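*Asks:* One line per chain: the protein sequences are H and E, in this order. Residues in the first sequence are numbered consecutively from 1, following the numbering used here. Residues in the second sequence are numbered consecutively from 1, following the numbering used here.
Wrong hints could be hidden among the right ones.
No copy labels: a pair is met if it fits in one copy or bridges any two.
[Claimed, not checked] Derived lysine-lysine pairs resembling DSS-like cross-links, with alpha carbons at most 27 Å apart:
1) 108 / 407
2) 407 / 263
3) 407 / 239
4) 108 / 382
5) 108 / 239
6) 108 / 406
7) 269 / 406
8) 108 / 363
9) 406 / 239
10) 239 / 263
11) 382 / 406
12) 269 / 259
13) 382 / 407
14) 318 / 382
Don't read these hints as lab results, they were simulated from the structure. Keep in mind it's a predicted model, so treat the numbers as computed, not measured.
There are 2 protein chains.
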Amino acid sequence: MRTAILNTGTELLLGDVQDAHLAFIAREIFPLGLRIEERRTVPDGQAIRDALAELFLRAEILFVTGGLGPTSDDITREMIAGLLGLELHQHPQLLASLRQRLQTRGIKWTSGIARQADVPAGAQILPNENGSASGLYLKANINSHIASPHLFALPGPPRELQPMFGRSVMPILHSIVRPSKPFECRIYHVTGIGESLVEEAIGQRISAISGVELGYCSRPGDVDVRIIGESNALERADKIIRTTLGDSIYSTSEAALEKVIIKLLTKRKETLALAESCTGGLLANRITNMPGASTVLLAGYIVYSNEAKINALGVDLKLIERYGAVSEPVARALAEGARMRARSTFALSTTGIAGPTGGSPGKPVGTVYVALASLDQTIARKFFFPSDRETFKELAAQAAFDLLRKKLISRSNQ
Amino acid sequence: MRTAILNTGTELLLGDVQDAHLAFIAREIFPLGLRIEERRTVPDGQAIRDALAELFLRAEILFVTGGLGPTSDDITREMIAGLLGLELHQHPQLLASLRQRLQTRGIKWTSGIARQADVPAGAQILPNENGSASGLYLKANINSHIASPHLFALPGPPRELQPMFGRSVMPILHSIVRPSKPFECRIYHVTGIGESLVEEAIGQRISAISGVELGYCSRPGDVDVRIIGESNALERADKIIRTTLGDSIYSTSEAALEKVIIKLLTKRKETLALAESCTGGLLANRITNMPGASTVLLAGYIVYSNEAKINALGVDLKLIERYGAVSEPVARALAEGARMRARSTFALSTTGIAGPTGGSPGKPVGTVYVALASLDQTIARKFFFPSDRETFKELAAQAAFDLLRKKLISRSNQ
Numbered sequence: 001m002r003t004a005i006l007n008t009g010t011e012l013l014l015g016d017v018q019d020a021h022l023a024f025i026a027r028e029i030f031p032l033g034l035r036i037e038e039r040r041t042v043p044d045g046q047a048i049r050d051a052l053a054e055l056f057l058r059a060e061i062l063f064v065t066g067g068l069g070p071t072s073d074d075i076t077r078e079m080i081a082g083l084l085g086l087e088l089h090q091h092p093q094l095l096a097s098l099r100q101r102l103q104t105r106g107i108k109w110t111s112g113i114a115r116q117a118d119v120p121a122g123a124q125i126l127p128n129e130n131g132s133a134s135g136l137y138l139k140a141n142i143n144s145h146i147a148s149p150h151l152f153a154l155p156g157p158p159r160e161l162q163p164m165f166g167r168s169v170m171p172i173l174h175s176i177v178r179p180s181k182p183f184e185c186r187i188y189h190v191t192g193i194g195e196s197l198v199e200e201a202i203g204q205r206i207s208a209i210s211g212v213e214l215g216y217c218s219r220p221g222d223v224d225v226r227i228i229g230e231s232n233a234l235e236r237a238d239k240i241i242r243t244t245l246g247d248s249i250y251s252t253s254e255a256a257l258e259k260v261i262i263k264l265l266t267k268r269k270e271t272l273a274l275a276e277s278c279t280g281g282l283l284a285n286r287i288t289n290m291p292g293a294s295t296v297l298l299a300g301y302i303v304y305s306n307e308a309k310i311n312a313l314g315v316d317l318k319l320i321e322r323y324g325a326v327s328e329p330v331a332r333a334l335a336e337g338a339r340m341r342a343r344s345t346f347a348l349s350t351t352g353i354a355g356p357t358g359g360s361p362g363k364p365v366g367t368v369y370v371a372l373a374s375l376d377q378t379i380a381r382k383f384f385f386p387s388d389r390e391t392f393k394e395l396a397a398q399a400a401f402d403l404l405r406k407k408l409i410s411r412s413n414q
Numbered sequence: 001m002r003t004a005i006l007n008t009g010t011e012l013l014l015g016d017v018q019d020a021h022l023a024f025i026a027r028e029i030f031p032l033g034l035r036i037e038e039r040r041t042v043p044d045g046q047a048i049r050d051a052l053a054e055l056f057l058r059a060e061i062l063f064v065t066g067g068l069g070p071t072s073d074d075i076t077r078e079m080i081a082g083l084l085g086l087e088l089h090q091h092p093q094l095l096a097s098l099r100q101r102l103q104t105r106g107i108k109w110t111s112g113i114a115r116q117a118d119v120p121a122g123a124q125i126l127p128n129e130n131g132s133a134s135g136l137y138l139k140a141n142i143n144s145h146i147a148s149p150h151l152f153a154l155p156g157p158p159r160e161l162q163p164m165f166g167r168s169v170m171p172i173l174h175s176i177v178r179p180s181k182p183f184e185c186r187i188y189h190v191t192g193i194g195e196s197l198v199e200e201a202i203g204q205r206i207s208a209i210s211g212v213e214l215g216y217c218s219r220p221g222d223v224d225v226r227i228i229g230e231s232n233a234l235e236r237a238d239k240i241i242r243t244t245l246g247d248s249i250y251s252t253s254e255a256a257l258e259k260v261i262i263k264l265l266t267k268r269k270e271t272l273a274l275a276e277s278c279t280g281g282l283l284a285n286r287i288t289n290m291p292g293a294s295t296v297l298l299a300g301y302i303v304y305s306n307e308a309k310i311n312a313l314g315v316d317l318k319l320i321e322r323y324g325a326v327s328e329p330v331a332r333a334l335a336e337g338a339r340m341r342a343r344s345t346f347a348l349s350t351t352g353i354a355g356p357t358g359g360s361p362g363k364p365v366g367t368v369y370v371a372l373a374s375l376d377q378t379i380a381r382k383f384f385f386p387s388d389r390e391t392f393k394e395l396a397a398q399a400a401f402d403l404l405r406k407k408l409i410s411r412s413n414q
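Whole structure, please, built from the sequences with the hints as guidance.
*Replies:* And the structure:
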């Protein structure tokens, strides 16, 4: 069924507030086979009416968010009723529960609040457990003077919309949506190869399978490959993707490489230390964003200066003088120094030139060495990521994490 | 001028990726007197063409984001050319610079990449300094067989779109938008007090000044106060804001506290070390995202485990046993240990309970101590930030940075 979202609110179009509803609703309704085909965002005012009128013509299910509050710019309820020629009736029970709610909280009653008890004729009330604005549901009506889709009017604050969606909207959707052919979505999180190489490797062969839709999404050092379709077709696509991309796929569930690493290390009861020069704390920050980081990460050393490399991690000054701070021998020494001092199973290091200054003809901005120290050996890799400072750090971090991941999965296969 | 945004990308409608462009573009064009009147999001495919056709009828300026990449679902360029009846020509210089770019990075050439050098007849190329997809600008044309607005096609990744917008789009907009009454926009970056307290302090008094529009935007630990209007009115508002908020305003130009700190330290030729437990590298990561960080940051220690606190920074085990790792004495010892070892002018430390586990009745999740060690004294503060893990880290980082900033500005006033 054709599904659309209309987000209302001037604050969204001023950039003061980020919309979170599209992502939330899209994920909730996906298992029903529903996909958002269009999303619009319009300011409070007449634009809501225009957008509703247009979307009534093409959506079969329409979610409208925002504009159900008590202030003068909250007019979604009135716009819907007006457009459909429905009268608004004050709902006595709703009014009583609003009075009750405000009294409990010691909030003053204003005339605007009473408007929240107005309900268009024929609408079903969707209770709001976390706010004063009830949601509304109106059945699709193709026989009225203006044809309308299944219409859900939902409150703007995510902490109100989200519980309401699970409790009241989903049961209604289940009754509306005719069971269709079961189809699935699978995502492969890939690192170490760029988007165009991924497409070259799998694009044509996947697109040749009928009933499979293929899409990509990339972030620095990460490509998500997404396939959507029926089970059988997906199975065939899955084989091609796994065979072709192999261990460049770091996960089919976790969209964060550091989460995969924490899981692998936790399972083995192994630990990690970090020696970061050019990534400057990004590795540590990403790992410690994840619950469970404390059982895995013993220590991190941000060794930006040569002095810190020498004093904190015991790197030999002669090594720095001879090869430079950005070099494979220093990357190795950093990783080994961190592993020794933290007494961890593994240690990762990074040293490179993030820029914008500091490059030289032999070592231009973007040059980076990453190293991984473990009990049996220390391995190092050189990369070249010429880009802005933050992207450079992201790419270097992905390269470092991936070096560790490959080590961990290769050992688990032995 | 009527302004709209069309976001393209199936990934946006599946909820895999959050759109960041609306908020960014809305803020950038605000000082020009432009406001987004409509935003649409559609999946890759024919829907792009339909949305373009509709928006051509009502927008005078249209920003289209996404779909300029090298893969087969990137079809924005072709859709625009097709709709306007413009031929696509391969641009030889663009092709050469694409080849150069890939060669430098050692990336293999694919046929999809060549499509990125296709340019609709009459379009101006907007250079992309952080990616391979150039942007495009097409002048409004009301005389062609299909009337079209000023049209900007921009790449999907924010790290590519944002610099392109400042460098290439804004100058074009300045030439398009007719100068209206001279009005300005001023922003005050505030930390240490919440949005509702800021509003309580200044809201009514600023709103009472005619000709001033007041807005707020808040992120964890940060409130931006924005006033817009004519010069004279803004001067009056400025006085009230500065008098009332005082040194809670950390900048009127830099939207990053760490940048203010780097500037202050650099001016004084002073240096910093970090001892991070609960912030886990966020302080170091934020500082090293800024060019110039290397002259200021000597070393950082991520001391998640008690062992690391003891071994790397010489914290006394008895102190931890007696007061707990999350305590004021340990925060002080961490800062002093980092300062001693790195031989820096200052050192900041954090120790707290990020959650979701690890809390206790006496020290619930959200408890955090930050300390600042300097030559003359060590100061410490306790905060309580009960929230999710990442927000907790952000709030703790802001509190730590602000402790240092206040120290630096108090010394400069002596």
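*Asks:* Checking an output row: residue 407 and residue 239, CA cutoff 27 Å. Within, between, both or neither?
*Replies:* For residue 407 and residue 239, the Cα distance is within 27 Å only inside one copy (24 Å; across copies 60 Å).
*Asks:* Checking an output row: residue 269 and residue 259, CA cutoff 27 Å. Within, between, both or neither?
*Replies:* Cα proximity of residue 269 and residue 259: one copy only (15 Å, versus 39 Å across).
*Asks:* Go through the copies and call it for residue 406 and residue 239: within, between, both or neither, with a Cα cutoff of 27 Å.
*Replies:* within (21 Å within a copy, 59 Å between copies)
*Asks:* Using 27 Å as the alpha carbon limit, work out where residue 269 and residue 406 are close: within a copy, between copies, both or neither.
*Replies:* within (17 Å within a copy, 43 Å between copies)
*Asks:* Within, between, both or neither: how does the pair residue 108, residue 406 come out at a Cα-Cα threshold of 27 Å?
*Replies:* Between copies, since 23 Å is at most 27 Å while 51 Å is not.
*Asks:* Cα distance capped at 27 Å. Does residue 108 pair with residue 382 within a copy, between copies, both, or neither?
*Replies:* The answer is between: 18 Å across copies meets 27 Å, while 54 Å in one copy does not.
*Asks:* Should residue 318 paired with residue 382 be assigned to within, between, both, or neither, using CA atoms and 27 Å as the limit?
*Replies:* Within one copy only: 21 Å inside a chain, 44 Å across chains, cut-off 27 Å.
*Asks:* Could you figure out if residue 108 and residue 407 sit no more than 27 Å apart (CA to CA) within one copy, between two copies, both or neither?
*Replies:* Between. Shortest inter-copy distance 26 Å satisfies the 27 Å Cα cut-off; intra-copy 52 Å does not.
*Asks:* Please work out whether the CA atoms of residue 239 and residue 263 approach to 27 Å or closer within one copy, between two copies, in both situations, or in neither?
*Replies:* The answer is within: 25 Å in one copy meets 27 Å, while 54 Å across copies does not.
*Asks:* How do residue 407 and residue 263 come out at 27 Å by Cα distance, when the copy is not named: within, between, both, or neither?
*Replies:* within (14 Å within a copy, 41 Å between copies)
*Asks:* Pop the pair residue 108 and residue 239 into one bin, within, between, both or neither, using alpha-carbon distances up to 27 Å.
*Replies:* between (58 Å within a copy, 25 Å between copies)
*Asks:* For residue 382 vs residue 406, is the C-alpha pair at or below 27 Å within one copy, between two copies, both, or neither?
*Replies:* within (16 Å within a copy, 42 Å between copies)
When held up to the earlier numbered hints, the structure conflicts with none and fits them all.
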